[in-house]
Amino acid sequence: EEIWFKELSLSGGLELTLNDNGWTASSKDLILNNSAISFSLNESGGSIFSDRIDIAAALPAFPLVTLGNVELSSFESSLSWKGTYEDWTAELTPSKCAFTFDALHVLDAQGKLVIDWGKTHAISGSQLNIKTSTGELKGSFTLSGEDHPVVQANLAGGSNLSELFQFIEVTALDDPMGFWQGQDLQIKQQFKSWSQFDPIGETDFSGSIQLTQVAFGISNSTLSFEKVEADLRISGDDILLDRCFLQSGINTAVVQGKIVNALHSYATPGVQVTMESPIINMDPLLFWEFDDQESSNDGFGFDFEINLNIASLTLVDFEGKSLRGVLFNEGSVIRGKKMEIQGCQGIIKGDWKLTEEANESVFWTNAAIESIALDELLGSFNNFDIEDIDESNLKGTVSSTAEMTLFFNPDWDVITEKTNIDAVAILHNATLQHYSPLQELSSFVDKDELSTISMPILQGPFSVRGDTLFIPETEVKNSALNFWVNGWQNLKTDEILYSLRLGVKDLALRGRNSNRDLGGWISEAENESQPYVRILVGCDLDDPCVSLDKTDIAQRVIDTFKKERDDLKTLFQAKPDTEKDQNPSSGSFELLWPESDSLQVKSNL
Numbered sequence: 001e002e003i004w005f006k007e008l009s010l011s012g013g014l015e016l017t018l019n020d021n022g023w024t025a026s027s028k029d030l031i032l033n034n035s036a037i038s039f040s041l042n043e044s045g046g047s048i049f050s051d052r053i054d055i056a057a058a059l060p061a062f063p064l065v066t067l068g069n070v071e072l073s074s075f076e077s078s079l080s081w082k083g084t085y086e087d088w089t090a091e092l093t094p095s096k097c098a099f100t101f102d103a104l105h106v107l108d109a110q111g112k113l114v115i116d117w118g119k120t121h122a123i124s125g126s127q128l129n130i131k132t133s134t135g136e137l138k139g140s141f142t143l144s145g146e147d148h149p150v151v152q153a154n155l156a157g158g159s160n161l162s163e164l165f166q167f168i169e170v171t172a173l174d175d176p177m178g179f180w181q182g183q184d185l186q187i188k189q190q191f192k193s194w195s196q197f198d199p200i201g202e203t204d205f206s207g208s209i210q211l212t213q214v215a216f217g218i219s220n221s222t223l224s225f226e227k228v229e230a231d232l233r234i235s236g237d238d239i240l241l242d243r244c245f246l247q248s249g250i251n252t253a254v255v256q257g258k259i260v261n262a263l264h265s266y267a268t269p270g271v272q273v274t275m276e277s278p279i280i281n282m283d284p285l286l287f288w289e290f291d292d293q294e295s296s297n298d299g300f301g302f303d304f305e306i307n308l309n310i311a312s313l314t315l316v317d318f319e320g321k322s323l324r325g326v327l328f329n330e331g332s333v334i335r336g337k338k339m340e341i342q343g344c345q346g347i348i349k350g351d352w353k354l355t356e357e358a359n360e361s362v363f364w365t366n367a368a369i370e371s372i373a374l375d376e377l378l379g380s381f382n383n384f385d386i387e388d389i390d391e392s393n394l395k396g397t398v399s400s401t402a403e404m405t406l407f408f409n410p411d412w413d414v415i416t417e418k419t420n421i422d423a424v425a426i427l428h429n430a431t432l433q434h435y436s437p438l439q440e441l442s443s444f445v446d447k448d449e450l451s452t453i454s455m456p457i458l459q460g461p462f463s464v465r466g467d468t469l470f471i472p473e474t475e476v477k478n479s480a481l482n483f484w485v486n487g488w489q490n491l492k493t494d495e496i497l498y499s500l501r502l503g504v505k506d507l508a509l510r511g512r513n514s515n516r517d518l519g520g521w522i523s524e525a526e527n528e529s530q531p532y533v534r535i536l537v538g539c540d541l542d543d544p545c546v547s548l549d550k551t552d553i554a555q556r557v558i559d560t561f562k563k564e565r566d567d568l569k570t571l572f573q574a575k576p577d578t579e580k581d582q583n584p585s586s587g588s589f590e591l592l593w594p595e596s597d598s599l600q601v602k603s604n605l
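Under my numbering, residues 1 to 605 are what the sequence shown spells out, in order.
The hints are simulated quantities; they were obtained by calculation from the structure and are not laboratory data. From the three backbone atoms N, C-alpha and C, an ideal C-beta is built for every residue, glycine too. Some hints could be false.
For lysine-lysine, the following DSS-like pairs were computed, each having C-alpha atoms within a straight-line distance of at most 30 Å [to be verified]:
hint, residue 1, residue 2
1, K119, K6
2, K227, K337
3, K321, K353
Computed spacing ranges between beta-carbons, pair by pair [said to hold, decoys possible]:
hint, residue 1, residue 2, range
4, K337, E226, 25 to 33 Å
5, S124, S224, 40 to 48 Å
6, D231, T93, 32 to 40 Å
Using the sequences and the accompanying hints, generate a full structural model.
Quick look at the structure:
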């Protein structure tokens, strides 16, 4: 059994008429729950009017009227009701209204409400002025629909972001704070039923918004922004960024673009922006962390593609200018495409990829450097731990192409035994001053010539496998002593083994106490074909040891004798049969030289 009324407080007069056609009732100075009210009713319907009625106080007397998640604190309004009991219209003009909807606190709401209740239900509001605990909204709304009512609102105003996010769920942000100001805001939300205002699905939202004094974090990461100011528009699921100022720590940037799927949780949000900044310091960014659990390779909770336009960039002691390129992700993998930066008087460019896993991270790059000042490069990245070489004593201009793979442990220390580098480099106009390991060559070269060594050009490939640098046979032309070199060096222990090819002519012309006029055969000798010796430089850089390359010398002696043997066999090889000369003095012979040569070449070196 339904109860329509309970605990009503009435006073005043009531005129009731009963006849065969039905009944009529009208009020006279009627007070309902301390509110003056007049009405004229009959068995079909009628009208009710009040200049001021306390609806919040009267609602408990009408148990069939429920407001779902809306909790009224106060609601005083004029009231006009007319129609039948099945199909009626009510108009209310609140003078005082306060309520709570979920976690949204409305301190005062004024405007005009119209309720149409019949075969279809509808509620509309116009000339609304709603004050919340942190801001104010103006506009209008309609609520209509049968099974699942839908509210559509057109609003303008602003408040704290915490109130805005009572209606908008942004999954890509953590703990957003700040203030917003909006114009032409369109909000659309569907609810479960007229008696139960639980939201169904996502809120549709569009309009133009300004953000001020905003701070938030990026989901599943330690990345946060302490100050955000933005002019943005919302269209469908996307946030369009007309201009967005960001500050994270000491870094600032201006961003333009869009965030697709920002407002709905059924799709991964995607950041597609262009970022400009006067200066970016990379040092604090190295400590950003993202939650990439071992059981998931989904990425960061959002995808991004950022076109960079950075005027100046610093990383430790490196200072670069005009950083350009595209920074994007593929799941949990961060990539850089067509990256280019000016620094150290040259250009560094290429592509790279960073894959972060639970136990190690892998950095890969295919890069090129053009006309880089070597001393500035060494000074900018002082973790290049090369024995006795730094920006103070090695100068020149270097260009190089390289493919490099580096592995890092969870603390971002390089796992050197997994390092893999293949490169080709060209060094122009280089000078090397006071390089102590070269003092071992003072047996061959005057010491004053070793104090400063100039190299007009030095080029060739090299590779790094793990801790070890490998150099193939490479010509080194320099002011002290031209030579060829190949070998390896352990970059961690400084253990070395290099084989140096020294030309006799170069030794004679540049050697200590040398005779500068050793005859025409020296001066006319071609450098590539001149006699030479090979010297092994081994042990380590702190205490190198020098010796003749006995293996090379012995092999060359054997090769020389074999060549001479082959030349003799060719010289005395019988000619093909031809018309024989009848001269008795003519004829032929063959020199037999068995393969088991009796000449035994032994090295006593």
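Now for the hints, and whether the structure bears them out:
no. : hint                    : in the structure
1   : K119 - K6               : holds, 26 Å
2   : K227 - K337             : holds, 29 Å
3   : K321 - K353             : holds, 21 Å
4   : K337 - E226: 25 to 33 Å : holds, 29 Å
5   : S124 - S224: 40 to 48 Å : holds, 42 Å
6   : D231 - T93: 32 to 40 Å  : holds, 36 Å
The structure fails none of the hints (numbered hints given earlier).
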